Amino acid sequence: MTPAAARRMRLVGMLRKESLQIIRDPSSIAIAFVMPVVLLLLFGYGVSLDARDIPLAIVVEQPDANTASLSGAFQRSPYFRPAPYRTIQAAQRALDEHAVSAIVWIRNDFSRRLVGAGSADIGVIVDGVDANQARITEGYLQGVWQTWLVDYLRGQGVSELAAVSLEPRIWFNAAVRSRDFLVPGLIAVIMTLIGAMLTSMVVAREWERGTMEALMVTPIRIGEMAFGKLLPYFILGMGGMLLSVIMALYVFDVPLRGSFWVLLLTSALFMMVALGMGLLISVVARSQFVAGQLSIVATFLPAFILSGFIFEIGSMPQAIQVITHVIPARYFVDILHSVFLAGNIWPIILANSAALLVMAVIFLGIARRKTHKRLDA
Amino acid sequence: MKAFNRILALTVKELLTILKDKRSRFVLIVPPLLQLFVFGYAASFDLNDIAVAVYNEDRSAPSRELIAHITGSPHFNLRATIDSDQAIAPLIDNRDVLLVVHIGPHFSQRLKDGRQAPVQLILDGRNSNTALLALGYLRSIVTDFNQSWTRQQGLPELPAVLQMRAWFNQSLLSRWFIVPGIVALLTLVVTITVTGLSVAREREAGTFDQLLVTPMRPVEILIGKSLPGIIIGMIEGSFILLMAVFWFEVPLRGSLPALYLGMFLFLLSAVGIGLMISSLAVTQQQGILGAFLFLVPSVILSGFATPIANMPALVQQLTYLNPLRYFLRILRGVFLEGNDYRLLVDQYWPMAVIGVVTLALAAWLFRHRMV
Chain A
1 MTPAAARRMR LVGMLRKESL QIIRDPSSIA IAFVMPVVLL LLFGYGVSLD ARDIPLAIVV
61 EQPDANTASL SGAFQRSPYF RPAPYRTIQA AQRALDEHAV SAIVWIRNDF SRRLVGAGSA
121 DIGVIVDGVD ANQARITEGY LQGVWQTWLV DYLRGQGVSE LAAVSLEPRI WFNAAVRSRD
181 FLVPGLIAVI MTLIGAMLTS MVVAREWERG TMEALMVTPI RIGEMAFGKL LPYFILGMGG
241 MLLSVIMALY VFDVPLRGSF WVLLLTSALF MMVALGMGLL ISVVARSQFV AGQLSIVATF
301 LPAFILSGFI FEIGSMPQAI QVITHVIPAR YFVDILHSVF LAGNIWPIIL ANSAALLVMA
361 VIFLGIARRK THKRLDA
Chain B
1001 MKAFNRILAL TVKELLTILK DKRSRFVLIV PPLLQLFVFG YAASFDLNDI AVAVYNEDRS
1061 APSRELIAHI TGSPHFNLRA TIDSDQAIAP LIDNRDVLLV VHIGPHFSQR LKDGRQAPVQ
1121 LILDGRNSNT ALLALGYLRS IVTDFNQSWT RQQGLPELPA VLQMRAWFNQ SLLSRWFIVP
1181 GIVALLTLVV TITVTGLSVA REREAGTFDQ LLVTPMRPVE ILIGKSLPGI IIGMIEGSFI
1241 LLMAVFWFEV PLRGSLPALY LGMFLFLLSA VGIGLMISSL AVTQQQGILG AFLFLVPSVI
1301 LSGFATPIAN MPALVQQLTY LNPLRYFLRI LRGVFLEGND YRLLVDQYWP MAVIGVVTLA
1361 LAAWLFRHRM V
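Each protein sequence line maps, in turn, to chains A and B. Under the working numbering, the residue at position 252 of the first sequence is numbered 252, and the numbers go up by one with no gaps. Under the working numbering, the residue at position 42 of the second sequence is numbered 1042, and the numbers go up by one with no gaps.
Honestly, the hints are just simulated from the structure, not real lab data. As the structure is a computational prediction, the values presented were derived from the model and not from experiment. Keep in mind that a hint or two might mislead.
Below, simulated DMTMM-like cross-link-like pairs (lysine to aspartate or glutamate); rule was C-alpha separation at most 25 Å, straight line [to be verified]:
| # | chain 1 | residue 1 | chain 2 | residue 2 |
| --- | --- | --- | --- | --- |
| 1 | B | Lys1112 | A | Asp53 |
| 2 | B | Lys1022 | B | Asp1144 |
| 3 | B | Lys1020 | A | Glu206 |
| 4 | A | Lys370 | B | Asp1021 |
| 5 | B | Lys1022 | A | Glu213 |
| 6 | B | Lys1022 | A | Glu160 |
| 7 | B | Lys1112 | A | Glu224 |
| 8 | A | Lys370 | A | Glu167 |
| 9 | B | Lys1022 | A | Glu208 |
| 10 | B | Lys1013 | A | Glu208 |
| 11 | B | Lys1112 | A | Glu206 |
| 12 | B | Lys1020 | A | Glu160 |
| 13 | A | Lys370 | A | Glu160 |
In silico negatives: residues of chain B with every beta carbon more than 10 Å from chain A [as the list claims (entries may be wrong)]:
| # | residue |
| --- | --- |
| 14 | Asp1085 |
| 15 | Ser1128 |
| 16 | Tyr1341 |
Just a few of them, taken from the derived set where beta-carbon distance is under 10 Å, the chain B residues facing chain A [claimed, not checked]:
| # | residue |
| --- | --- |
| 17 | Ala1043 |
| 18 | Ala1080 |
| 19 | Ile1122 |
| 20 | Val1189 |
For glycine and all other residues, C-beta sits at the position ideal for the given N, C-alpha and C.
Please take these sequences and the hints and turn them into a complete structure.
Structure representation (structure tokens):
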């Protein structure tokens, strides 16, 4: 047999063994295809930063035409579900019991001060426990107040105020749907799961069961073994990715403004990085328990929190921002957000792809160096 | 007494299995610590140093003053000054800036004529939450500017103004919201992974059958398998709690015993779920996958990062099955709102119910899932 034929035979054998292992173990198929669907459904429907129908207590101490028009403005807003309260004490109790998230307090001298000199105060108390939601609620309250003020002044014959008004235009996501921003980033999280977690556990299992030793006594070379192990998982991961893209586009109506081929190529690159991480973890861990833990801690959680998937990297402390540079998902999330929402923004795509390429080489390189066809290492 | 000794022996054996291995000891200590620090600092919705570009066609005193108001705020950071429409798109597209403030040529004239002076804002909406928050910050800056402008010019004041206050977290630091949540998150992850593998490991090694033929009754096995998870969870949880108070300086305003009662019930339910997953699993891989398949949805559907109130009604119903939901509410209630037992009863009993049901199921599965 020629060396080339022998190599092909070893490789085909390895690929066949790994593929059979995937097909016969339902948990691998589950992680590659059921998990993306479950995660996308959970995130698409479960995670939303868009507040609607915020329960709001309105305390009107002395009802009249002015207070009626002001509370009417809150009633008409799609963001609030106002409920009337007689006294501020009752409203504060409701806030303590989480029955309402904010209080608007219109005191009994409101109308008198409205027409008199100076300004009438509208008291607002927001439940600050969830700071992000509190800020968003404050923003919506300000919006309602401004609209009401313009209407009120128009009623008084003042057509325009000498004041700066903001005309915001939100590019790429005019409706400000948080789903359009969360679902593309989720693809990075899912691919990290398949690539790093599944791969690391599978290889660790071979060490634990001793089948790695059996593999080592075969004539297979290290490179062939790694290739044979990784290719089936690469295909599995890309399948999971395609499934996620299809769901993003057709179930969640997320626009894909860039090219599909850019998406596919950069995903393949990221998959290589994830597989490299998985292989490295399994080489270091050697037991499934440790491999599982490590892959959650070293790959999944950072992909979730340090990648810009939910939390803005630019606002993190400097030291943490430095750490994010070694998180591969960071680069891929940036590509995903741009390719889905903005289009083919080449400076972003190329810079991040270069970073991914470097990481793929590093991870696969270290994993290769650390894997010896020896048992003691 | 005999039963007690048997349980003690099993507990010690379980703890040894976890702690004697150098690598798994490491996994229990170092990663949670790392996560606490990284997440404590990174998981924040507060925005600092948002990169801004200014396009000022007006170049008069009022427009410069408005720009000074914006760039003087700690939230914004002037990154570029541009002088053409064409320069806007590349800055936003390449994410060099998050927003462009465009002041038109007639800005100050309109303001002096007593008319409305529009300012155009172009925001990068790729991260919709960031865009909304940045817009909110700008709104309050503009409101301040308008008030000082009317005062300077001796114009009549606005007839009504909002006086906003936030309760429980006056400066709206999102760290105060996230860090107590991390206590629950990390305790859950550690407990579920420890217990999720405990039965599966023995099943895989074949030692679980041996355990079943010992004089130990299933309930004793159950207690012996639960205690290590609860002990490790309590130690881990207490440590993170200390860090939350002394390192991250989140105020602890309520009753500590009320919090610990919550933690115990939470650990009981977490251990129950972990053991249930473990007794269903035949291999360790399935155990870890099962643990993971439980952890991810339970973190997402708990209100840890995004509010339950924003979820669709059906999904909100689903969150009642999630012990994390209740413990998060207890942690935030005790930390920020100063709650004690009375206000938390509705959070305690669901966790107790989940714990009892899952532990009973796990005990039943010990004997009835033979493979």
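Consistency of the hints with the structure:
1. Lys1112(B) <-> Asp53(A): 39 Å, violated
2. Lys1022(B) <-> Asp1144(B): 59 Å, violated
3. Lys1020(B) <-> Glu206(A): Holds: Lys1020(B) and Glu206(A) sit about 22 Å apart, inside 25 Å.
4. Lys370(A) <-> Asp1021(B): 21 Å, holds
5. Lys1022(B) <-> Glu213(A): Holds. Lys1022(B) to Glu213(A) sits at ~22 Å (cutoff 25 Å).
6. Lys1022(B) <-> Glu160(A): Not OK: Lys1022(B) and Glu160(A) at ~73 Å, beyond 25 Å, violated.
7. Lys1112(B) <-> Glu224(A): 77 Å, violated
8. Lys370(A) <-> Glu167(A): The given pair, whose Cα atoms are some 57 Å apart, is violated under the 25 Å limit.
9. Lys1022(B) <-> Glu208(A): 16 Å, holds
10. Lys1013(B) <-> Glu208(A): 21 Å, holds
11. Lys1112(B) <-> Glu206(A): It is violated: about 78 Å lies between the C-alpha atoms, which goes past 25 Å.
12. Lys1020(B) <-> Glu160(A): 76 Å, violated
13. Lys370(A) <-> Glu160(A): Roughly 72 Å between the alpha carbons, so the hint for Lys370(A) and Glu160(A) is violated.
14. Asp1085: Check passes; 13 Å lies beyond 10 Å.
15. Ser1128: 5 Å, violated
16. Tyr1341: Holds, because the least Cβ-Cβ distance between Tyr1341(B) and chain A comes to about 15 Å, which exceeds 10 Å.
17. Ala1043: 5 Å, holds
18. Ala1080: 15 Å, violated
19. Ile1122: With Cβ-Cβ at 5 Å, under 10 Å, it holds.
20. Val1189: OK, holds: Val1189(B) within 10 Å of chain A, min 7 Å.
Consistency with the previously given hints fails for numbers 1, 2, 6, 7, 8, 11, 12, 13, 15 and 18, ordered from lowest to highest.
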